[in-house]
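Given chain A, put chain B in place with the hints provided.
2 protein chains.
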Amino acid sequence: MLKDQAFLRIPGPTPLPPSVERAMIRPMIGHRDKAMDALIADLIPRLRPLFGTSGAVYLLAGSGTLALETALVNVTDEGDKVLHLITGAFGERFFRIAEGHRRQAIPHHVPWGEAVDPDDVRRLLQAHPDVRAVVATHSETSTGVLNPIADIARVVREHSDALLVVDAVSSLGGTPVEMDVWGVDAVASGSQKALMAPPGLALVALGERARAAMHRIQSPRFYADLRQYEASLAQSTVPFTPAVTLLFALEASLDLIEAEGLAHVFARHRKMRDMTRAALKALGVPLLAADAVASPTVTAVRPTRFTPKALLQAVRDEFGIVFASGQGKLKDEIFRIGHMGYLSEADVLQYIAALEVAAKRLDPESPLGAGIRAALEVTLA
Amino acid sequence: MLKDQAFLRIPGPTPLPPSVERAMIRPMIGHRDKAMDALIADLIPRLRPLFGTSGAVYLLAGSGTLALETALVNVTDEGDKVLHLITGAFGERFFRIAEGHRRQAIPHHVPWGEAVDPDDVRRLLQAHPDVRAVVATHSETSTGVLNPIADIARVVREHSDALLVVDAVSSLGGTPVEMDVWGVDAVASGSQKALMAPPGLALVALGERARAAMHRIQSPRFYADLRQYEASLAQSTVPFTPAVTLLFALEASLDLIEAEGLAHVFARHRKMRDMTRAALKALGVPLLAADAVASPTVTAVRPTRFTPKALLQAVRDEFGIVFASGQGKLKDEIFRIGHMGYLSEADVLQYIAALEVAAKRLDPESPLGAGIRAALEVTLA
Numbered sequence: 001m002l003k004d005q006a007f008l009r010i011p012g013p014t015p016l017p018p019s020v021e022r023a024m025i026r027p028m029i030g031h032r033d034k035a036m037d038a039l040i041a042d043l044i045p046r047l048r049p050l051f052g053t054s055g056a057v058y059l060l061a062g063s064g065t066l067a068l069e070t071a072l073v074n075v076t077d078e079g080d081k082v083l084h085l086i087t088g089a090f091g092e093r094f095f096r097i098a099e100g101h102r103r104q105a106i107p108h109h110v111p112w113g114e115a116v117d118p119d120d121v122r123r124l125l126q127a128h129p130d131v132r133a134v135v136a137t138h139s140e141t142s143t144g145v146l147n148p149i150a151d152i153a154r155v156v157r158e159h160s161d162a163l164l165v166v167d168a169v170s171s172l173g174g175t176p177v178e179m180d181v182w183g184v185d186a187v188a189s190g191s192q193k194a195l196m197a198p199p200g201l202a203l204v205a206l207g208e209r210a211r212a213a214m215h216r217i218q219s220p221r222f223y224a225d226l227r228q229y230e231a232s233l234a235q236s237t238v239p240f241t242p243a244v245t246l247l248f249a250l251e252a253s254l255d256l257i258e259a260e261g262l263a264h265v266f267a268r269h270r271k272m273r274d275m276t277r278a279a280l281k282a283l284g285v286p287l288l289a290a291d292a293v294a295s296p297t298v299t300a301v302r303p304t305r306f307t308p309k310a311l312l313q314a315v316r317d318e319f320g321i322v323f324a325s326g327q328g329k330l331k332d333e334i335f336r337i338g339h340m341g342y343l344s345e346a347d348v349l350q351y352i353a354a355l356e357v358a359a360k361r362l363d364p365e366s367p368l369g370a371g372i373r374a375a376l377e378v379t380l381a
Numbered sequence: 001m002l003k004d005q006a007f008l009r010i011p012g013p014t015p016l017p018p019s020v021e022r023a024m025i026r027p028m029i030g031h032r033d034k035a036m037d038a039l040i041a042d043l044i045p046r047l048r049p050l051f052g053t054s055g056a057v058y059l060l061a062g063s064g065t066l067a068l069e070t071a072l073v074n075v076t077d078e079g080d081k082v083l084h085l086i087t088g089a090f091g092e093r094f095f096r097i098a099e100g101h102r103r104q105a106i107p108h109h110v111p112w113g114e115a116v117d118p119d120d121v122r123r124l125l126q127a128h129p130d131v132r133a134v135v136a137t138h139s140e141t142s143t144g145v146l147n148p149i150a151d152i153a154r155v156v157r158e159h160s161d162a163l164l165v166v167d168a169v170s171s172l173g174g175t176p177v178e179m180d181v182w183g184v185d186a187v188a189s190g191s192q193k194a195l196m197a198p199p200g201l202a203l204v205a206l207g208e209r210a211r212a213a214m215h216r217i218q219s220p221r222f223y224a225d226l227r228q229y230e231a232s233l234a235q236s237t238v239p240f241t242p243a244v245t246l247l248f249a250l251e252a253s254l255d256l257i258e259a260e261g262l263a264h265v266f267a268r269h270r271k272m273r274d275m276t277r278a279a280l281k282a283l284g285v286p287l288l289a290a291d292a293v294a295s296p297t298v299t300a301v302r303p304t305r306f307t308p309k310a311l312l313q314a315v316r317d318e319f320g321i322v323f324a325s326g327q328g329k330l331k332d333e334i335f336r337i338g339h340m341g342y343l344s345e346a347d348v349l350q351y352i353a354a355l356e357v358a359a360k361r362l363d364p365e366s367p368l369g370a371g372i373r374a375a376l377e378v379t380l381a
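Protein chains in written order, with UniProt numbering: chain A, 1 to 381; chain B, 1 to 381.
For reference, chain A alone in the conformation it holds in the complex (with noise of 0.2 angstroms):
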């Protein structure tokens, strides 16, 4: 391993591109500038397809918790009635904001690795004809499932008229996010993982129900109070000091994603996801979710013949490849592999094969060569 030479393979924050790295050292400007009107005149339509929205987005410096919490507060009073659908630590960190913000939050716990039955929230919809709000995890970071949010709001449009919520933290950018088409009220992402930009700017969307919520809502709240946000996008500006350096630097990640297409993005990932869960089956190591609900940006990795913490330093000393630990109550159960943004197939072969090594240093059984080969089978196919 070469000093200062490490691999961040995590689910998030994801490595800078070279242009966007260069973005942020873009003269500083002020932020009543005209040149600060004109940035977020420019990205504020150029998010959307990325949100799948001809709606309202707004950006706030903070992180992807900022972004969850603005969403809820915006269009939730404190009292209401929220459905929380946890497949995961980031499901249950939502919770505790709407704990945390009053709202009466609803669990509805589901067994971490599986995603959500959109049968179950029907019938949790039934049972709770008063809920003002759902919420749901796109890719959920602790468990690397993507829940089926275009079935959850077909549910909750067919069954009430709460609003869907959204945490889309792991998922804007690196697999569909359709919210007009789904249906989906309230869409919270940060900048740190598929969009390629560094931590601190937190992402919100709102579809048109979500925007007369957030107009008639009495809710606390005011560095999240979206209406300062829509009031100040009126005049393509923002209502406090934005994170200027990572503005500049999603407008490169947003050159970046375009160049290449969002269709052609969304392909890399769900390949990346596929030669990753191909070579470690191919391996033997157990992978935490199923293939039908495999997040294109994120795997969990449940081996049993090594242990997760052995296999994290096997790689990080002898490669400086960074994999992620579990969370929660999958601490030390699982490691996580974060394959989005700016990630190719050429780093997934890399990571694979440095995989490979450590497994058979830890395993000596591991069958040196397979996991390798499952995965150019795939990059081939």
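It is worth saying that the hints were derived from the structure and are not from the lab. Hints may be right or wrong, so weigh each one.
Unchecked claim - Here are the simulated lysine-lysine pairs, DSS-like style, with alpha carbons at most 30 angstroms apart:
#, chain 1, residue 1, chain 2, residue 2
1, A, 34, B, 34
2, B, 329, A, 3
3, A, 360, B, 329
4, B, 309, A, 309
5, B, 309, B, 331
6, B, 34, A, 360
7, A, 281, A, 331
8, B, 331, A, 271
9, B, 34, A, 331
10, B, 3, B, 309
11, B, 309, A, 34
12, A, 34, A, 3
13, A, 329, B, 34
14, A, 3, A, 309
15, B, 34, A, 3
What follows is chain B alone, placed relative to chain A:
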């Protein structure tokens, strides 16, 4: 004026030093990485001298406005009586934050351009003995007034049990903030002013009384809940994905501040202020604030023989020098010069010279050379 040449002389965001720019493009690291723990463990103690505290300092991803909100919602509860000492647009914003969060906010309006009179604070505290917190602005960015926080703190401590919460967004790192010595309970600031880092980091420092309040307060909060940051800090980490590139930048800024020495940094800011004020007086252009209350980081100018707008346009078009317009009720009455952060006497001489040219073009009777001469005398003094 050269293409892309812009000299940002606004009261934040301020220009980034080269080493701060370079720091932002250090390879991305994961926020659960040991390198991040080390970064947090390095930053926090180095920030304490800027706040003048041995207490707690918290870093959040977000704007300065988030810092203000965070300070308030962690030390006061809904319904609490909060006395706001309002000397300009940012005092008004803090008042709106308190209203947005359902505090019983009591405004004390001071004419813009003047400082808070501590005697008024005493009188107000006697009239409202149940005030739970007093909110003051240190350097009011919209007027260039430095409020006498030490004197205000003395009065607050003597005449009440109220906590004192101070907006130090445009003072921290440019002029002494002495939380512990003065008896200030909570200080909020941002990264993008005298700290010479990009916007997007909110800094909040709490003294002992404020930390005790934080654990007692029931006010709904999640992203801004400093109890979570405190729990994470015990492990030198952060509860939510931090703005990694901005933390890199802040570390580089602190390197510069420490290399120069805080006393010299403050002296430099005072000198830049004095040069600026001497020049404008020599040119016969009125200043908004009196010498006794003039902020070392920002100067508000109230020209009579030309409009602020014409002056802003003139220095920008001819020299690429960017001053700021007024805010709120002084929007068309003043312009503001930011002289903080990575700015030197050389930069001040440059903008004064440009200002002289613009003044002469707009007012043929403007005494060419008088301003720069007055500034040089301050430099030589």
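Verification of the supplied hints:
Among the hinted pairs, residue 34 of chain A with residue 34 of chain B is inconsistent with the structure: their alpha-carbon atoms are about 41 angstroms apart, more than 30 angstroms. Distance hint between residue 329 of chain B and residue 3 of chain A is unfulfilled; the C-alpha atoms sit about 56 angstroms from each other, more than 30 angstroms. Between the alpha carbons of residue 360 of chain A and residue 329 of chain B the distance comes to roughly 71 angstroms, so the proposed pair goes past 30 angstroms and is violated. A hinted pair counts as satisfied when its Cα atoms are at most 30 angstroms apart, and residue 309 of chain B with residue 309 of chain A does not qualify at roughly 62 angstroms.
Simply put, residue 309 of chain B and residue 331 of chain B have alpha-carbon atoms about 10 angstroms apart, close enough for the 30 angstroms limit, and the pair holds. The straight-line distance between the Cα atoms of residue 34 of chain B and residue 360 of chain A is roughly 26 angstroms, inside the 30 angstroms bound, and the hint therefore holds. For the hint linking residue 281 of chain A to residue 331 of chain A, the alpha-carbon distance of about 22 angstroms falls within 30 angstroms, and the restraint holds. Among the hinted pairs, residue 331 of chain B with residue 271 of chain A is inconsistent with the structure: their alpha-carbon atoms are about 55 angstroms apart, more than 30 angstroms.
Between the alpha carbons of residue 34 of chain B and residue 331 of chain A the distance comes to roughly 16 angstroms, so the proposed pair stays at or under 30 angstroms and holds. Among the hinted pairs, residue 3 of chain B with residue 309 of chain B is consistent with the structure: their alpha-carbon atoms are about 22 angstroms apart, no more than 30 angstroms. With a C-alpha separation of about 14 angstroms, the suggested pairing of residue 309 of chain B with residue 34 of chain A holds against the 30 angstroms cut-off. A C-alpha spacing of about 43 angstroms is found between residue 34 of chain A and residue 3 of chain A, which places the hinted pair above 30 angstroms, so the restraint is violated.
The suggested pairing of residue 329 of chain A with residue 34 of chain B holds, with an alpha-carbon distance near 21 angstroms, which does not exceed 30 angstroms. Only pairs whose Cα atoms come within 30 angstroms are accepted, and residue 3 of chain A paired with residue 309 of chain A is accepted, the gap being roughly 22 angstroms. With a C-alpha separation of about 15 angstroms, the suggested pair residue 34 of chain B and residue 3 of chain A falls inside the 30 angstroms cut-off, and the hint holds.
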